[in-house]
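There are 2 protein chains.
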Amino acid sequence: MGLKDIGEFGFIDRISPQCCINRERVYKAIGDDAAAFWSDPKRLTLVTTDLLVERVHFQRSAVSGFDLGYKALAVNLSDIAAMGGTAREAFVSIAIPEDCALEYLDAIYLGLRHLAGEFGVNILGGDTTASHQDLIINIALTGSVPEAEILCRDGARSGDLICSTGCLGDSRAGLHLILHGILRDTPELEKLYQEHVRPRPHLREGRFLARQGGVSAAIDVSDGLSSDLQHLIDSGRTGARLQADQLPVSPELEWFGRRFGCDPIEFALAGGEDYALLFTLGADRAERVQKAYQQEFGQGFSIFGEITESGEMELVSPSGTRSLRPSGWNHFQLQKQHGSE
Amino acid sequence: MGLKDIGEFGFIDRISPQCCINRERVYKAIGDDAAAFWSDPKRLTLVTTDLLVERVHFQRSAVSGFDLGYKALAVNLSDIAAMGGTAREAFVSIAIPEDCALEYLDAIYLGLRHLAGEFGVNILGGDTTASHQDLIINIALTGSVPEAEILCRDGARSGDLICSTGCLGDSRAGLHLILHGILRDTPELEKLYQEHVRPRPHLREGRFLARQGGVSAAIDVSDGLSSDLQHLIDSGRTGARLQADQLPVSPELEWFGRRFGCDPIEFALAGGEDYALLFTLGADRAERVQKAYQQEFGQGFSIFGEITESGEMELVSPSGTRSLRPSGWNHFQLQKQHGSE
Numbered sequence: 004m005g006l007k008d009i010g011e012f013g014f015i016d017r018i019s020p021q022c023c024i025n026r027e028r029v030y031k032a033i034g035d036d037a038a039a040f041w042s043d044p045k046r047l048t049l050v051t052t053d054l055l056v057e058r059v060h061f062q063r064s065a066v067s068g069f070d071l072g073y074k075a076l077a078v079n080l081s082d083i084a085a086m087g088g089t090a091r092e093a094f095v096s097i098a099i100p101e102d103c104a105l106e107y108l109d110a111i112y113l114g115l116r117h118l119a120g121e122f123g124v125n126i127l128g129g130d131t132t133a134s135h136q137d138l139i140i141n142i143a144l145t146g147s148v149p150e151a152e153i154l155c156r157d158g159a160r161s162g163d164l165i166c167s168t169g170c171l172g173d174s175r176a177g178l179h180l181i182l183h184g185i186l187r188d189t190p191e192l193e194k195l196y197q198e199h200v201r202p203r204p205h206l207r208e209g210r211f212l213a214r215q216g217g218v219s220a221a222i223d224v225s226d227g228l229s230s231d232l233q234h235l236i237d238s239g240r241t242g243a244r245l246q247a248d249q250l251p252v253s254p255e256l257e258w259f260g261r262r263f264g265c266d267p268i269e270f271a272l273a274g275g276e277d278y279a280l281l282f283t284l285g286a287d288r289a290e291r292v293q294k295a296y297q298q299e300f301g302q303g304f305s306i307f308g309e310i311t312e313s314g315e316m317e318l319v320s321p322s323g324t325r326s327l328r329p330s331g332w333n334h335f336q337l338q339k340q341h342g343s344e
Numbered sequence: 004m005g006l007k008d009i010g011e012f013g014f015i016d017r018i019s020p021q022c023c024i025n026r027e028r029v030y031k032a033i034g035d036d037a038a039a040f041w042s043d044p045k046r047l048t049l050v051t052t053d054l055l056v057e058r059v060h061f062q063r064s065a066v067s068g069f070d071l072g073y074k075a076l077a078v079n080l081s082d083i084a085a086m087g088g089t090a091r092e093a094f095v096s097i098a099i100p101e102d103c104a105l106e107y108l109d110a111i112y113l114g115l116r117h118l119a120g121e122f123g124v125n126i127l128g129g130d131t132t133a134s135h136q137d138l139i140i141n142i143a144l145t146g147s148v149p150e151a152e153i154l155c156r157d158g159a160r161s162g163d164l165i166c167s168t169g170c171l172g173d174s175r176a177g178l179h180l181i182l183h184g185i186l187r188d189t190p191e192l193e194k195l196y197q198e199h200v201r202p203r204p205h206l207r208e209g210r211f212l213a214r215q216g217g218v219s220a221a222i223d224v225s226d227g228l229s230s231d232l233q234h235l236i237d238s239g240r241t242g243a244r245l246q247a248d249q250l251p252v253s254p255e256l257e258w259f260g261r262r263f264g265c266d267p268i269e270f271a272l273a274g275g276e277d278y279a280l281l282f283t284l285g286a287d288r289a290e291r292v293q294k295a296y297q298q299e300f301g302q303g304f305s306i307f308g309e310i311t312e313s314g315e316m317e318l319v320s321p322s323g324t325r326s327l328r329p330s331g332w333n334h335f336q337l338q339k340q341h342g343s344e
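Protein chains in written order, with the working numbering: chain A, 4 to 344; chain B, 4 to 344.
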């Protein structure tokens, strides 16, 4: 049985159950012209959206439906996390080629609902249509945040510390395994692979940091540390100095670097898809926030640089100081980049 | 110069100006991880989303960029209209193949901003990425409506009148001209073509009807009268009886029918993409609402049937009564349907 047989509405009936997690704030879920839900009156509403295109963001043959659905939502949740917000309602648009099995689609929605359930997000609607060749998924996600607590990109000031809620570069190493068909024959390699296919959105960390005060700017690391840090600098009209030996590199990535002859620092700087939060923190608040964070999460965040007035990014390492350039992803130079992998 | 040269952020810089219409309700527009805006505390927030895929919903060679952008937003505005709402903020995701000229993309955003400006809608964000072959546009649109005034699909009751805010079938005739390469050599044909490529969202009509009271259910006519009416019947567990000679058929469609040997009634029943509002109205309120509507818009809405308890749709014409089946669009049977055109 295929999509042609069940039609759009059959497909919607198939994917609708369990999409609505918190019914009390929902007036109309899937099934009307638009979804309707109450907004909390004292909070800002957030909206983010991400479009995933087959052969650009993923290869259908190389990713399970579950992981694809999971990650499609995870990248949006990460954007809400980077604003210090709480995720609310998701809207999933999907364009489906004829050769896409219903079981694969079901698995996509299993992955979506699994992650949505973890963070109390309702899937309230979307759009389903055909596609001639590529599978396409767009998710629009709303969230909310108290106005006084919102974390933006443009608040970093000279002297602020540069911090991250997680390790950087692991996801890029996981992608390396996929692109080179490397067998995951150790726990280290499995861990790196999981960081790539099932990144954990740092919503709880973002919300916690937003409540603390003292966090001056935040962004999630999607394109890579050097590219995303550049956004903070551009927005705040500042510069940045990073300490190479303090970058948050996991033991697994160190191990990977030794085994495959790669530089973990380069992976951490340019990797992308980490979905940790990169944030800046007033130096006078750092000790208090770090202590509270450690109490909440059992481990601290990483501090590996500071905001400067230079207008440039620079990396300090034992061999000297060099200037850094944004090295992340340009979707429109896809072939070139894949060619250099 | 192409997209590869300017990159994603160059493209965003290019499309961002004039996207934000009402700055006073916006906290963060394009340029952060998510947009942030205040919701009116006494109203329901609405969200709708539509995904347009090249070769499924449009042929790039057959539609101007302006018209594509216009229609991509129009179909979403129409969904907010069908809820009785006011449109608020739009989020545009676009996946761009390498052979798509920047001028074509600019024209898409001209069309988007033109229509957004007409209805005071902010374009607050989105996502831009590459595509290997097809141009893809997803728009997520928020709106709001007072809780007491929301128009849903499930309120139609036996005895309610079946009404429309506009003519039906014109858009289908316009599509016929495109599919058959027919020259638009008369004002009638130009009118039908325009109804297809630049449908007017009936937001003002929807808002007006929502305020009146007495409107029991509403939907916008996107798939075709018989298909969309079926949604109202399914939602309300009712039936419907339509009067063929009272269906809202334009003089242009009558003229088209004579010239090309088509039945205007069939176009009105099965055409789709009309984006008029189909609604049901308590018979006791009809006279008052129609009078107020005429005062507001200079002409009345069409009344062409009534809700029954039969569970079926039927069409009454001089030649007798026949049962109606939903005949609208199934995206997943695309080839078959185009084959029968």
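Be a bit skeptical, because a hint or two may be false.
One copy or two, it doesn't matter: identical chains are merged, so the pair holds either way.
Said to hold, decoys possible - Distance condition first, Cα-Cα at most 20 angstroms in a straight line; then the derived SDA-like pairs of lysine to any residue:
1) Lys31 - Leu182
2) Lys294 - Glu27
3) Lys294 - Gly217
4) Lys7 - Glu191
5) Lys194 - His135
6) Lys194 - Gln302
7) Lys45 - Ala110
8) Lys45 - Glu150
9) Lys7 - Glu257
To be clear, the hints were calculated from the coordinates, so they are not data collected in a lab.
A quick look at each hint next to the structure:
1. Proximity of Lys31 and Leu182 under a CA criterion of 20 angstroms is satisfied in neither setting, with 43 angstroms inside one chain copy and 37 angstroms between copies.
2. For a Cα distance limit of 20 angstroms, the shortest separation of Lys294 from Glu27 qualifies neither inside one copy, at 36 angstroms, nor across copies, at 38 angstroms.
3. Proximity of Lys294 and Gly217 under a CA criterion of 20 angstroms is satisfied intra-copy only: 13 angstroms inside one chain copy versus 59 angstroms between copies.
4. Proximity of Lys7 and Glu191 under a CA criterion of 20 angstroms is satisfied in neither setting, with 43 angstroms inside one chain copy and 36 angstroms between copies.
5. Taking the closest pair of Cα atoms, Lys194 and His135 never come within 20 angstroms of each other, the shortest separation being 36 angstroms inside a single copy and 31 angstroms across copies.
6. Within a single copy, Lys194 and Gln302 get their C-alpha atoms as close as 19 angstroms, which meets the 20 angstroms cut-off; across copies the closest is 67 angstroms, which misses it.
7. When the C-alpha separation of Lys45 and Ala110 is checked against a cutoff of 20 angstroms, the pair qualifies neither within a copy, at 37 angstroms, nor between copies, at 38 angstroms.
8. In this assembly of identical chains, the alpha carbons of Lys45 and Glu150 lie at most 20 angstroms apart whether taken from the same copy (8 angstroms) or from different copies (18 angstroms).
9. With identical chains, the CA atoms of Lys7 and Glu257 are never at most 20 angstroms apart, being 49 angstroms at best within one copy and 34 angstroms at best between copies.
In summary, the numbered hints that this structure violates are 1, 2, 4, 5, 7, 9.
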